[in-house]
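Input sequences plus hints: build the corresponding full structure.
Chains as they are written, first to last, in the numbering used here: chain D, 1 to 234; chain F, 235 to 468.
Take the hints with a grain of salt, since some may be wrong.
Think about it this way: if two alpha-carbon atoms lie no more than 25 Å apart in a straight line, the pair counts; the simulated SDA-like pairs of lysine to any residue are [to be verified]:
#	chain 1	residue 1	chain 2	residue 2
1	D	K155	F	L278
2	F	K389	D	S78
3	F	K389	D	L117
4	D	K155	F	S368
Label-pair restraints from in silico Cβ distances [claimed, not checked]:
#	chain 1	residue 1	chain 2	residue 2	range
5	D	D159	F	G309	45 to 55 Å
6	F	G265	D	R160	44 to 54 Å
7	D	H25	F	A458	51 to 61 Å
8	F	G317	D	E24	32 to 42 Å
I should point out that these hints are in silico values taken from the structure, not numbers from a laboratory.
These numbers come from a predicted model, not from an experiment.
C-beta atoms are modelled at their ideal positions from N, C-alpha and C, and glycine is treated no differently.
2 protein chains.
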Amino acid sequence: MTVIGIDGDDTLWRNEEHFRAAEEHFVAIVGNYYDGDDIADQLLAIEMGHVEIYGFGVKGFTLSMIETANALSGGQVSAEDIGRILELGHDLLRVPIELLDGVGDALEDLASTHQLLLITKGDLQHQQRKVEASGLATHFDDVHVVAHKDPPTYKSVLDRHRLPPANFMMVGNSVNSDVLPVLELGGRAVHIPYHMTWAAEVADDDTHEAATGFTTVAHLRDVAGLLRPAGEQL
Amino acid sequence: MTVIGIDGDDTLWRNEEHFRAAEEHFVAIVGNYYDGDDIADQLLAIEMGHVEIYGFGVKGFTLSMIETANALSGGQVSAEDIGRILELGHDLLRVPIELLDGVGDALEDLASTHQLLLITKGDLQHQQRKVEASGLATHFDDVHVVAHKDPPTYKSVLDRHRLPPANFMMVGNSVNSDVLPVLELGGRAVHIPYHMTWAAEVADDDTHEAATGFTTVAHLRDVAGLLRPAGEQL
Chain D
1 MTVIGIDGDD TLWRNEEHFR AAEEHFVAIV GNYYDGDDIA DQLLAIEMGH VEIYGFGVKG
61 FTLSMIETAN ALSGGQVSAE DIGRILELGH DLLRVPIELL DGVGDALEDL ASTHQLLLIT
121 KGDLQHQQRK VEASGLATHF DDVHVVAHKD PPTYKSVLDR HRLPPANFMM VGNSVNSDVL
181 PVLELGGRAV HIPYHMTWAA EVADDDTHEA ATGFTTVAHL RDVAGLLRPA GEQL
Chain F
235 MTVIGIDGDD TLWRNEEHFR AAEEHFVAIV GNYYDGDDIA DQLLAIEMGH VEIYGFGVKG
295 FTLSMIETAN ALSGGQVSAE DIGRILELGH DLLRVPIELL DGVGDALEDL ASTHQLLLIT
355 KGDLQHQQRK VEASGLATHF DDVHVVAHKD PPTYKSVLDR HRLPPANFMM VGNSVNSDVL
415 PVLELGGRAV HIPYHMTWAA EVADDDTHEA ATGFTTVAHL RDVAGLLRPA GEQL
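Printed below as a string of structure tokens:
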């Protein structure tokens, strides 16, 4: 019996738009101190440089925005603007959950025939609050907030459920985080593209091309059709 | 058969000293802008005001330090000092793990007769890195990084292991986090005081007085003696 893992951000609810809107505000703030058009790139470089100690999520993003503002302004950024950046973080942490169209019905459908696990990456407290606010938790047998979506992390989730990878299918919007590591473990994966993807989540084209054995569908409701009774092959 | 939950910070490895050392640096920085002797109190108030959105851990602590510096300096804090505060956060995230004396042997002893769960609160990524760096993970059947140590969270951990509270004993340095919520669920608890406790973790004296049914021991190695073969009563 296949157990289905489902991603949260940009698979069940909107996320990336909010980060990009905060980033636009941030670029406008730093643009008062810095002439280059690479503010967002510099921010991403600082974020990636700290992933090992910060992990993923709004708090690390906010700390990286402050550090970037400091660096690109040559130490000239005002305390008032630092306060604005802190507020961008608070706003991101407080933004109401907006479910993607039709995911509630699609989950109800899937949950009627399969065990579902919600597997979502980021700050523990924030992700738990989002899961709760989504009202979707009842469809899931378990919720795992993870620091990374790499093969060892998926393996530890599967081990916790005594689940062989062959009996696991992951569904999500990120080829890098939801598809490739699960394929590497010997599991199955379904990609549901979202209309925007964080630069750090964009799979390298070569990697993406080389990856086979996963299906891309337009909507979560299409996943049920992939789980045929005859052996449940994709 | 009793399963033993064990806390991480200040039960297995040093933690609070590092936060207090960072706070001393912070107070010295803000002291250049602000005359009052309540800088640490103001920081704590801002931290507590954000616990709901930040949770616990270094990243939220750092964001709260920046906000406090901004507020108490009347917007005069320099970008250079903001940079110093960011570095205090980075240092906290990178400080090497220093195990408390004798905990390795004590865990080995306990693990030879009982299932152990490590239950630790804070930033997911940071706590997982600390667990890994501690070299103690092999003694534990499972590791749970939680956002809060309240009765619903303990219940969800116990449910995951299909464990009735009566078969669970929690061991840790915080009466508020490791003892009271577990007693409330009907489990058992052992308090191992640490020589310093974060103000937000200090149990209200009345609550502490009223709480009964838990034992205080001086060291983790004393826990084994509490688990007598005859019914394993405390």
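Okay, the hints, checked on the actual structure:
1. D:K155 x F:L278: Not OK: D:K155 and F:L278 at ~39 Å, beyond 25 Å, violated.
2. F:K389 x D:S78: violated, 46 Å
3. F:K389 x D:L117: Holds, at roughly 19 Å.
4. D:K155 x F:S368: holds, 21 Å
5. D:D159 x F:G309: 45 to 55 Å: For D:D159 and F:G309 the Cβ distance comes to about 51 Å; the hint holds.
6. F:G265 x D:R160: 44 to 54 Å: Cβ of F:G265 to Cβ of D:R160: about 48 Å, so the range 44 to 54 Å holds.
7. D:H25 x F:A458: 51 to 61 Å: Holds - the Cβ-Cβ distance for D:H25 and F:A458, about 56 Å, lies within 51 to 61 Å.
8. F:G317 x D:E24: 32 to 42 Å: violated, 24 Å
In terms of the numbered hints stated before, the structure departs from hints 1, 2, 8, listed from lowest to highest.
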